[in-house]
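Peer 1: Keeping the supplied structure of chain A fixed, place chains B and C upon it in accordance with the hints.
This is what each chain is made of:
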Amino acid sequence: MDTLHPLVDALISLMLIIGALFTLVGGIGLARFGDFFMRLHAPTKATTLGVGGVLIAAMVYSWASGRFGVPELLITLFLFITAPVSANLMAKAALHLKVQSKAGRPAGMNDGAAAPGKQG
Amino acid sequence: MATETSHPKRWLAHPFMSAIIAASWLLLQQSFAVPQLITATVLALLLPRVLAGFLGPQVKVSSWATVVRFTGIVLWDIVVSNITVAKIVLNPMREPRPAWVPVPLDIRHPNGIALLATIITTTPGTVSCVIDEARHEILVHALDCSDPAAMAQDIKNRYERPLREIFE
Amino acid sequence: MMPLALDIAVAAVALAMLLCAFRLFRGPEVTDRLLALDTLYINVVALVVLLGIRQQTELLFEAALIVAMLGFVSTVALARYLTRGDVIE
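Protein chains in written order, with the numbering used here: chain A, 10 to 129; chain B, 344 to 511; chain C, 12 to 100.
The shape of chain A in the complex, shown without the other chains:
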C-alpha cells in the first residue's frame, strides 16, 4: 500500500466507497420494503454495482501491485451470472408458496396450482 500512484489510490478508494455504499443501499432496501417481491430487488442491486465496485477496486489494486487479479475477475463474472438465476428461483419459490405481494397476484396465475410450480 506504500508505493501506489496517487491517482490509482484515489480510483481504488472511489470504487471501494461506491461499491460499499450500494451494498448498504441493498441492505437498507431489504430491511425497509414491505413485501417479498420488492425486497427481491435488493440483492440484485447489492451484487451488480455493490460487489462489482468492490471487486473492480480489488482488481485495480492487484494490477497496481503487479498481479493478474484473476480470482477477482472470476468472482465478478460468477456473481453476475448466478445472481439472476438465484433471484429467479427464489421468485418461483415465492409464487409457488403464494407469498403476498403488494402488486397483487400476477395475471394468469390466479388459480392455485398454476404455472410456477409446474413439473418438468
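The hints are simulated quantities; they were obtained by calculation from the structure and are not laboratory data.
Please note that the accuracy of each hint is not assured.
[Stated by the list, open to error] Partner residues aside, some chain A positions facing chain C, computed with beta carbon under 7 Å:
#1 T32
#2 V63
#3 T91
#4 S95
Every residue, glycine too, gets a C-beta built ideally from N, C-alpha and C.
Peer 2: Just chains B and C now, kept in the frame of chain A:
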C-alpha cells in the same frame, strides 16, 4: 432432452466455451508450465463434450458489432438504474408502486430468452420471475412502475430487438 | 487515502449484513429468510475481498470465490426444496 440425437457428440463442438475453460484454468493456476497447459487442453476438450446434452446447439452470432454495442448499453443501464433504485430506497417519503409486467416474447432462441431474462434481472428495478416458454412470455416484477404496458414495450425495444439481431 | 476508504467500506458492508440479519430473524415468510441468507453470502464475499485487500494476501480472494460458489449452490438447493419439496428428483 432430445438434443443428443439431433446433434451428435463431437470434439470441439463449442470452441468458444473450450477457450474460456482453458483460459480460466491457466489464469487460476497463474502459470503457463507444460503440465498446466496439458491439463487445460484436456479440460477444454473433455468438459464441453461431457456436458453436450445440457448445452444444445452452438450459438451462431450474426453480428459482433451489435454484441459490442449491446454490452455497452446494458452496462450503462445497470449503472443508471442502480442510481434510480438507490434514490427510491433512500427516500423515506416515497412509497414505490410495484407492478407485475408481462412481457410477450418475439425471440425464440432459448439462449436468447435466457440472456434476456438475465439482463432484465441484472438491471435493478426489474426482476424476471417466471419464464414461460410455452406461452412465450416473461413475467417481470417491477419495483416502481406506473405504466406496465409502456415498460414492457421499453424492454422489448431496448433489449429484445438487439438480442434478436444477435441470435436470429 | 485507501486505508480510510477501506475502513468506511468495511463499516458499510458490516451494516448491510446487520440489516440482512434483521430480515433473517424477522421473516415473515420463509422466502424472506432465504433472500436474507442469499444477500448475506453476497455481502460476505464483499467483506472477504475487502479483508484480502487490507491484509494484502491473494489467498482470501480464492476463499471469496469458494464462498460465492457454495452460497449460490445452497440458495438454489433451498429454493428448489421450497418449490418442489425435494432437491434432487
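Peer 1: Determine for every hint whether it applies to the structure shown.
Peer 2: Results of checking the hints against the structure:
no. : hint : in the structure
1   : T32  : 5 Å, holds
2   : V63  : 5 Å, holds
3   : T91  : 4 Å, holds
4   : S95  : 4 Å, holds
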